[in-house]
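Visitor: Here are the chains, one letter per residue:
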Amino acid sequence: MLAARALSKSYGAVRAIEEFTASLPTGVTGLVGANGAGKTTLFKIMLGLLKPDSGTVVIDGIDVSEDPIAVRSILGYMPEHDCLPTDQSAADVVATLGEIAGLPARVARQRASDILDLVGLDEARFRPIEGFSTGMRQRAKLAQALVADPKLVLLDEPTAGLDPQGRHEMLELVRRLGTFGISVIMATHLLDDVQTICDHVVMLDAGRLVASGRTQDLLHTTGVVRVDVAGRGQELLAALPGRDAALLADGTVEVSVASDDEMDAIVAAVGDAGLPLHGLTSQRSSLDDVFLAGNGTGGTA
Amino acid sequence: MTATNRTGRVYDRGYRPYDGELGGRSAARLALFRASVRRALGIRRSWRQKLFPWVLLAIATVPAIVNVGVAYLTRSRFTDTIEIITYREYVGVSTALLVFVGLTAPDVVCPDRRNRVLPLLFSRPLTGSDYVAAKVGAVAAIVFAFGLFPQVVLFVGQMLVSDAAIEYLTDNAAVLWQVPLAVAMLALYYASLAVAISSFATRRIVAAAALLIILLVSSITAAVLTEGRSTGTGWAAINLLNNPLQIRDLIFEGQILPESDLSGVAGGGALAVVVYVVVVGTSIGTLLWRYRWVET
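Chains as they are written, first to last, in the working numbering: chain A, 1076 to 1376; chain B, 2 to 297.
The set of hints was computed from the structure by calculation and includes no laboratory data. Among the clues, some could well be false.
[To be verified] What follows is a set of in silico ranges between Cβ atoms, one per label pair, in the way DEER data are often shown:
| hint | chain 1 | residue 1 | chain 2 | residue 2 | range |
| --- | --- | --- | --- | --- | --- |
| 1 | A | 1256 | B | 157 | 27 to 37 Å |
| 2 | B | 174 | A | 1140 | 53 to 63 Å |
| 3 | B | 20 | A | 1337 | 51 to 61 Å |
[Stated by the list, open to error] Covered stretches of chain B (chain A as the covering partner; in silico rule of three or more C-beta atoms under 8 Å from a C-beta of chain A):
| hint | region |
| --- | --- |
| 4 | 30 to 37 |
| 5 | 114 to 120 |
| 6 | 124 to 136 |
Cβ coordinates follow ideal geometry from the N, Cα and C atoms, glycine included.
Just chain B, same shape as in the assembly (with noise of 0.2 Å):
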C-alpha cells in the first residue's frame, strides 16, 4: 500500500493537557451536592432506581390534584374554595417524605464507604465539612423539592379554581413563607439525621432500618412516659417523630397546637425548637466529627 491510496489511518490521539482553570473547594462541593442528587433521583441510574423517587412525588402530590379538582368541579355550587387539606395539614404529609429519606441518605452515603471511595474524593479539593455540606445538602434540597412542589400545585391550582384569584392570593399570602419555612425545617431535621445515621453503616438496608427504629423507639418511649397523664409532660419533647410537626404548628400557628402531646406544658414551643436545634446540631456535629480526618 502506498501513500496515496491509503483510506484510513490509525491515529494515537495521545493525551491532551487542560489549560482552562480548576475550581476551588465550592466547585468540588457543588460537584458532589449535583452527583449525589442525579444519585439519590436515579438520574443515570436504572429505570428501577428511577421509579421509587418519582412515584413517591407522584403520590405526594395526589392529594393537592384531589383538591384542585373537586374544588373545580364545585366551583358553581360554592362560594367559598373547597379546602379538604389545609397548607399546614399538607406540610404533614410530607412526613410521608420520611420513608424516601430512610431510603435515599444511606443511598447517597453508604455506598462512600462500603466502595471505599472516600480517598479518591478527599484526594481532590474538597474537605470533610465540604462532604457533609453536599450529602446533606443533596438530600434536604430533594426532600424540600418533593414537599415544597405538592404545595405548589396546590396553592397555584386553588388560586386558579378560586372566582379570583388576586384574592385568594392576599388571603393566603402568609402560606407563601410559612409553606417554604415548614418545609425547609423538616427537610434539614430528616436529611441530617438520616445522613448522620447513615455515616456509620456501609450497609443501605442497615441504615434505613437504623433511622426508622430510632424515630419509632423515641416515638414509644415518648408515648409510655406521657401515657396516662392528665395534664401535658416535657417527655412528650422526646419523640423524634412529631418533632418536625410541633415545628410546622409553630410557624402556621405561632404556639404548639392542643392537639400536640405538648399541649399544655409551660414552655412547649421552646422545648419543641430546643429538641430540633438538639438533633440537628448533633446529627451535624456527628457528621462532622466523622469526617474530621480530612480537616488539615
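If we strip away everything but chain A, and leave its shape as in the complex, we get (with noise of 0.2 Å):
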C-alpha cells in the first residue's frame, strides 16, 4: 500500500525524518513516536503538503511527490488538533468536504448520513459541532476522512483526550475499517493502542525508524514463564532447585524455560511440591520492549 525510500526531512538545523524507509502493507497499521517523534511530518508528506529534503514515498502505486493531487484522492486525513467549523451542523460539514472530495452533491449528502450513523453520530448529524464532546468530535472527524470511500486513511492520534469507554469504541471504529478493505495509518503515542489492534507496526523515534514489522512477529516469547501459586512463591523456589528463577512482590514466580517440557516440568514440581496452581502464563514482549530496545534505552526485545 505504501512505501517510503530513504526519506528526510529538516526543519533548519531540527531533522524531523531521517533516512527513512519501511514498506506497509494493507491493513490497519500503527505508526508509534513520541510527541515530536516525526509523525505528522510523515503524514503531511504522504499527503503530498510537504515536500521532502530527499526520498520517496508511493502510495497505491502513485509517487506522492509526482502527483499528489492523485494521492490526495485516495486518502483520507484525521488530524490530531480541532479542525472542524463549529458553527455547521457535522451533516453540513461532512457532506461539503465530500463534495470537495470529489463526490456528487447528492451523493456526499448521502454518504454523508451513512458515514455519521458509521461513526455512531447518527441522531446528532444535524447539531452544531460546536455543542459536541471530543468524542464527538472525533468521530466527526473520522466521518469527515472516511466519506470519499479512501483506499488509505490517515489517523493523527484518533484517541487523544477521549475517556477509556470513548478510546474503545474509537478503536474498534478504527479496527473495523480494516474489515471494510480501508487500510489505515495511525499515528499514536500510545502502544496499547497499536497492540489493541494494529496488524504491522512502525515505531519512530527522533524521525529515524526504530523498528517495522508485523505486529505478532514483534511480540514474541521471552522465554520466561510466571507461576501463580497463591502466594506461595517461597516454597515453589525451594521445590525448583537449579533453575533461574525469581519470587516477584506479588507473590508469583518467574521461570526462565527452554522448551514446552521443561514447562511441564514445572506444573509436575508445582504438584510435587503440594502447592495450587492458580496461574501459568507464557511472558511475551511488549511494544514497549521492541521500542525501548529499538531507541537504545533499554528492553528486552
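Got two chains here, separate frames each, mind docking them using the hints?
Guide: Here is the structure:
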C-alpha cells in the first residue's frame, strides 16, 4: 500500500525525518512514536503537503511528489487537532468535505449521512459541532476522513483526549475499517492502542525508524513463564532447585524456560510440592520493550 | 422469541464503498466555491446570518423600484422616461456593497484559519490557487449578482413602463455591456482586496476593520495630498475607495469625468487603470503567496 524510501526532512537545524525507509502493507498499521518523533511530518509528506528534502513515498503505486493530487484522491486524513467549523452541523461539514473530495453533491449528502451513522453520530448529525463533546468531535473528524471512500486513511492520534470508554469505541471503529477494505495508518504514542488493533507497527524515534513489522512478529515470547501458586512462591522456589527463577513482589515466580518440556516439568514440580497452581503464563515482550530496545534505552526485545 | 414471531431486527448497515467516479481539482474548486457562496448568503445557517445579505440586496434594489414606480405613475404626463438615477450612477450605489464585502469576505476566509480547517481542505484534491480562485470567485460572484440585480430591475422596469419598449432597448443597448462590465470590475476589485486582507486575520472583525481602515486611510491621504491644488494631481489615484468609480467612468464615458479627482491629470484614465491592476494583482499575488505551501 505504501512504500517510503530514504525519506528525510529537516526544519532548519532540526531533523524531523531521517533516512526513513519502510514498506507498509494493506491493513491497520500503527505509526508509533513520542510527541515530536516526526509522525505528523510523515503524514504531511504522504499527503503531498510537505516536500521531503530527499527520498520518495509511493502510495498505491502513485509517487506522491509526482502527483500529489492523485494521491489525495485516494487518501483520507484525520488531523490530531480540532479542525471542524464549529458553527455548522456535522452533516453539512462532512457532506461539504465529501463534495470537495470529488463526490457529486447528492451522493456526498447521502454518504455523509451513512458515515455519520457508522461512527455513531446518527442522531447528532444535524446539531452544530460547537455543542459536541471531544468524543463526538473525534467521530466527526473520522467521518470526514471516510466520506469519499478512501483506500487509505491517515489518523493522527485518534484517541487523543478520549475517556477509556470513548477510546475503546474509537479503537473498535478503527479496527473495523480494516474489515471494510480500508487501509489505516494510525499515528499514536499509545503503544497499548497499537498492540490492541494494529496488524503492523512502524516505530519512530526522533525521525528515525526504530522497528517495523507485523505486530505478532515483534511480540515474541521471552522464554520466561510466570507461575502463580496462591502466594506460596517461596515454597515453589525451594521446589525448583537449580533453575533460573525469581520471586516477585506479588508472590508469583518467574522461571526461565528453554522449551515446552521444561514447562511440563514446572507443572510437575508444583504438584509434587503440593502447591495450588492458579496460573501459568508464558511472558511475551510488549511493544514498549521493542521500542525501548530499538531506541537504545534498554528493553528485552 | 422464535425466528417466526420477530417483529423487528437491528441491522448493522456497515460500510458501503463508493464505486462511482470522483471529480478532480475542478470539482473540488467548484464545491468549495459553492460552499463559500452558501456560507456568505447564510444558506443552511441561522436566520440571523440569512438576514443581512438579503436585507442589503433589498435596500440596494430600492432606488430601482422607486425609479420604475415613479416612471409608471407619471407615464401619462411625460413623454420621456423618468430617470431619477442613471445606470452609471447606480454602479456608484453598488459601492454600498463594500459594507457587505467587508463582512462577507472575512466570514468565508477567517473561520478556515481560526478553526484550522485548511489541513482538511488541502488533504483533498485542491491546491492553494484553487482555494484562492474559489474564495475570491465566491465573494466576487455575490457582489456581482447583488450589484447587477438592481440594475436588471431598473432596466426591465424602465423598458416595460416606457411607451416603446423596443425603442428603449435599442436606445440603451450600450448599458447591456457597460453595466455588467463595470459591476464585474467593481466586484473583482472588492473581492480580491477583501479576501487578501482577510487571509491575514483569524477574527472576522479584525479583517473587516482592516479593510475599511486601509480604504479610508488611502482616501484621506489622497485628500490631504490633493488639498488646495487648482489643477488635478496624480496623487488622487491612491484613493482606493474611488478607483472602482473611476474605472466605471472609463467604461461608461470613455474618459475621467470633470467631477473626478483625477480630472485634469495627464493620462488620468491610464493611471486609474494602472492602480486598479496593481491593487487586484497585488491582492491575488498575496493570496497565492499565502497559500503557496500547498502548491506541490
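Visitor: Compare the structure with each hint and give your call.
Guide: Here's how the hints hold up against the structure:
no. : hint                          : in the structure
1   : 1256(A) to 157(B): 27 to 37 Å : violated (57 Å)
2   : 174(B) to 1140(A): 53 to 63 Å : holds (54 Å)
3   : 20(B) to 1337(A): 51 to 61 Å  : holds (56 Å)
4   : 30 to 37                      : holds (count 4)
5   : 114 to 120                    : holds (count 4)
6   : 124 to 136                    : holds (count 5)
Hint check: a violation occurs at hint 1 only; the rest are consistent with the structure.
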